[in-house]
Amino acid sequence: MTSLIQKALRIRELPIFLFLVLVALITGVANPAFFTVAGLQDVLLGVSIVAVLAIAQTLVIVMKHIDLSVGSTIGFTAYVMGAAGSWGHSVWWGLAVSLGIGIAVGAINGFLVAYMKLPSLVVTLATLYLVKGIFNEIAGGDTITGDRVPEAVNAIGANYFFGVPYIYIIVFVLMLVVGFIMKRMRAARDLYAIGSNLSASELAGIPVARRVFLAFVATGAITGLAGVLLLARYNTADANSGVGIELYAIAACVIGGVAIAGGIGTVYGAMIGAVLLQTITSALGALGIPQFWQLAVNGTLLIAAISLDRYLSSRVKPTSIMGSHE
Amino acid sequence: MRKFNFAWEHGVAVFLVVAIALGSGLSEFFATTDNLSFIIQDVAEIAIIALAMTYLIIAGEIDLSVASTLNLSSAAVGFSFRNGMPFEMAILVGLLVGLACGLLNGYLVTVVGLPSLAVTIGTLALFRGFAWVLLGNEPVNELPENWIVLGYENIPNTFLPWSTIPVVILALLAWVILHYTRIGRWTYAIGINAEAAKFSGIPVARMKLALFGVTGLMSGVAGVVYTLRFASASPDGAVGYELDVIAAVLFGGVAIAGGLGTLWGVLAAVLSLGVIRSAMQLLDFTGNALLIVSGALLLISVVLPRAIELVKDRRKSVTV
Numbered sequence: 001m002t003s004l005i006q007k008a009l010r011i012r013e014l015p016i017f018l019f020l021v022l023v024a025l026i027t028g029v030a031n032p033a034f035f036t037v038a039g040l041q042d043v044l045l046g047v048s049i050v051a052v053l054a055i056a057q058t059l060v061i062v063m064k065h066i067d068l069s070v071g072s073t074i075g076f077t078a079y080v081m082g083a084a085g086s087w088g089h090s091v092w093w094g095l096a097v098s099l100g101i102g103i104a105v106g107a108i109n110g111f112l113v114a115y116m117k118l119p120s121l122v123v124t125l126a127t128l129y130l131v132k133g134i135f136n137e138i139a140g141g142d143t144i145t146g147d148r149v150p151e152a153v154n155a156i157g158a159n160y161f162f163g164v165p166y167i168y169i170i171v172f173v174l175m176l177v178v179g180f181i182m183k184r185m186r187a188a189r190d191l192y193a194i195g196s197n198l199s200a201s202e203l204a205g206i207p208v209a210r211r212v213f214l215a216f217v218a219t220g221a222i223t224g225l226a227g228v229l230l231l232a233r234y235n236t237a238d239a240n241s242g243v244g245i246e247l248y249a250i251a252a253c254v255i256g257g258v259a260i261a262g263g264i265g266t267v268y269g270a271m272i273g274a275v276l277l278q279t280i281t282s283a284l285g286a287l288g289i290p291q292f293w294q295l296a297v298n299g300t301l302l303i304a305a306i307s308l309d310r311y312l313s314s315r316v317k318p319t320s321i322m323g324s325h326e
Numbered sequence: 001m002r003k004f005n006f007a008w009e010h011g012v013a014v015f016l017v018v019a020i021a022l023g024s025g026l027s028e029f030f031a032t033t034d035n036l037s038f039i040i041q042d043v044a045e046i047a048i049i050a051l052a053m054t055y056l057i058i059a060g061e062i063d064l065s066v067a068s069t070l071n072l073s074s075a076a077v078g079f080s081f082r083n084g085m086p087f088e089m090a091i092l093v094g095l096l097v098g099l100a101c102g103l104l105n106g107y108l109v110t111v112v113g114l115p116s117l118a119v120t121i122g123t124l125a126l127f128r129g130f131a132w133v134l135l136g137n138e139p140v141n142e143l144p145e146n147w148i149v150l151g152y153e154n155i156p157n158t159f160l161p162w163s164t165i166p167v168v169i170l171a172l173l174a175w176v177i178l179h180y181t182r183i184g185r186w187t188y189a190i191g192i193n194a195e196a197a198k199f200s201g202i203p204v205a206r207m208k209l210a211l212f213g214v215t216g217l218m219s220g221v222a223g224v225v226y227t228l229r230f231a232s233a234s235p236d237g238a239v240g241y242e243l244d245v246i247a248a249v250l251f252g253g254v255a256i257a258g259g260l261g262t263l264w265g266v267l268a269a270v271l272s273l274g275v276i277r278s279a280m281q282l283l284d285f286t287g288n289a290l291l292i293v294s295g296a297l298l299l300i301s302v303v304l305p306r307a308i309e310l311v312k313d314r315r316k317s318v319t320v
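Chains as they are written, first to last, in my numbering: chain A, 1 to 326; chain B, 1 to 320.
Everything labelled a hint here was simulated from the structure, so no lab data went into it. These figures come from a predicted structure and were not determined experimentally. Any given hint could turn out to be false.
Footprint (simulated), chain A over chain B, 3 or more residues, beta carbon under 8 Å [claimed, not checked]:
hint: 1; stretch: 125 to 139
hint: 2; stretch: 244 to 253
hint: 3; stretch: 280 to 290
With a Cα cut of at most 16 Å, we get these calculated EDC-like pairs of lysine to aspartate or glutamate [said to hold, decoys possible]:
hint: 4; chain 1: A; residue 1: Lys117; chain 2: B; residue 2: Glu309
hint: 5; chain 1: A; residue 1: Lys117; chain 2: A; residue 2: Glu202
hint: 6; chain 1: A; residue 1: Lys117; chain 2: B; residue 2: Asp313
hint: 7; chain 1: A; residue 1: Lys64; chain 2: A; residue 2: Asp238
Cβ atoms here follow ideal geometry from the backbone N, Cα and C, with glycine treated the same way.
Chain A extracted, bound-state conformation (with noise of 0.2 Å):
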């Protein structure tokens, strides 16, 4: 039992965790409305495509790089989804191409980084214009709207199982599935390897070029899925789609306690990263503080959990307190 609880209170995400817990409690008592069924629908959906890109991002963190290619991405993907109707093409045409931009960008950044050794914070900001610029030109002024939105993406974001949102359900699966590879399959494990002690990893014969190559591929595929779901849930797409909402992924995963260093991290704390961000969300609307808080509110709580995190890592020692007491 003893031995449970202190493993409890090694899990590194337990401190966000029961922020979010704290949020949740005050927002609902302040206003009961937050716990209904259409008040946590509303925190789901509205959690559902940083939540999605958080987990892709996560895959990059732990390797000690970054993406910020993203935000970009996931517009493109989002639009071409959107058009791929009134170009005459299928669902399938839109979901594969969606997809294939999300995997070719990822194999751009993932190629530059790896196999170039470019930092990824570079070629990434490079991307990030590219990909814009290309999406904007063939975008140019249109905008996808309701009715140009496919039947099957349009059923994704409208419908509900069992009171879940069908978005918010593809992206737990996802979450679920990328955490038990991150956790359990060795090509994963390298990840964290890779972002803890690059040389060492090489040393120890990890493949790293490869590694970190297929790390931005499954990152820029999930983010072309993410267009997809972007365009379920917000029933439109423009050339303004998905700007600036890397920096909301990164901060959601930084919150998670996906360490900037490298080497640390989980999707399931990024996905609590995400949810936390979108419940103080609400809570500024159910508690009645103006919107314009709400920026702040989030720069304060990244900051303060970097420090935290920050705080407790240089206290808790591998060998800590907390375990000398067996």
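Since chain A is already given, all that's left is putting chain B on it; use the hints.
Chain B alone, transformed into the frame defined by chain A:
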């Protein structure tokens, strides 16, 4: 690598000359004094922030919050003025707000010990959030006429906009300090190896704190210039400028890993981007083409040196 890097800045300078030549050749409106004035005005804020960002990136840090700082400082000017402060005082408040933002970043990085990338993503949201809190939905548009003429008129009897003055003075200052003083050499030393710099007696933490503070202050100056240029302070100005600044600094030959780069390379890069933007607008290209060009230049600025390095390495290993 180091040797090549000198050539990189020459490359940017040549690029600038070619861009100007092409612009003049392709559009009769390009090489006019009006257009030159427009280009300078257009790049002024980016240039001012890029000066400080150059130091920061050379020292191995980064600040993503600069556009939000610019905007908060602009909002502070507007807010103070709206609440009855004389405009001169309001500008001072704006500058101090910028400095405070920078020092907060610096404190979190050097004292609390957090990674600057994560910290400044947080303050990017925080500072813009404060701007929203300060101004709400109401931008301040009624600024004193005798000040806002500085935003759109030229210096009398010249074709240079007033913003040329802060840009030139600050650029000269930044250039001299970076390349001819101890502080400049310390900046490089910290970027090359912070640990070694510390053990050789350089006050690394204090230097970094100061660099963040100066970056905030420069963002504040850019905020004032921005406010005058648009004769308005609003909570949603200058979104995304941080990426433009960083792109210009990197294209100018500063290595993201720190320890490398020159100030005139960065200035040439800022001007190049301004020249290309203006030429493309005159030639009726869309903003999208400009995004593609910016992205491509940024990519080339990292890919090309690395490709040359790889080719050299291969040649070496063949001869051995």
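Is the Cα-Cα distance between lysine 117 of chain A and aspartate 313 of chain B 16 Å or less? 14 Å, holds
Measure nothing beyond the straight line between the CA atoms of lysine 117 of chain A and glutamate 309 of chain B; if it is 16 Å or shorter, mark the hint as holding. 11 Å, holds
Within 16 Å, alpha carbon to alpha carbon, are lysine 64 of chain A and aspartate 238 of chain A? 32 Å, violated
The stretch 125 to 139 of chain B covered by chain A? Criterion: 3 or more residues, Cβ-Cβ distance below 8 Å. holds (count 10)
Assertion that chain A covers the stretch 244 to 253 of chain B - criterion: three or more residues, beta-carbon distance below 8 Å: Three-residue rule met by the stretch 244 to 253 of chain B, so holds; n is 3.
Take the C-alpha atoms of lysine 117 of chain A and glutamate 202 of chain A, compute the straight-line distance between them, and say whether it is at most 16 Å. 14 Å, holds
At least three residues with a C-beta closer than 8 Å to a C-beta of chain A: is that true for the stretch 280 to 290 of chain B? Held - the stretch 280 to 290 of chain B has 5 residues with a Cβ nearer than 8 Å to chain A, which meets the minimum of three.
Of the numbered hints listed earlier, the single one contradicted by the structure is hint 7.
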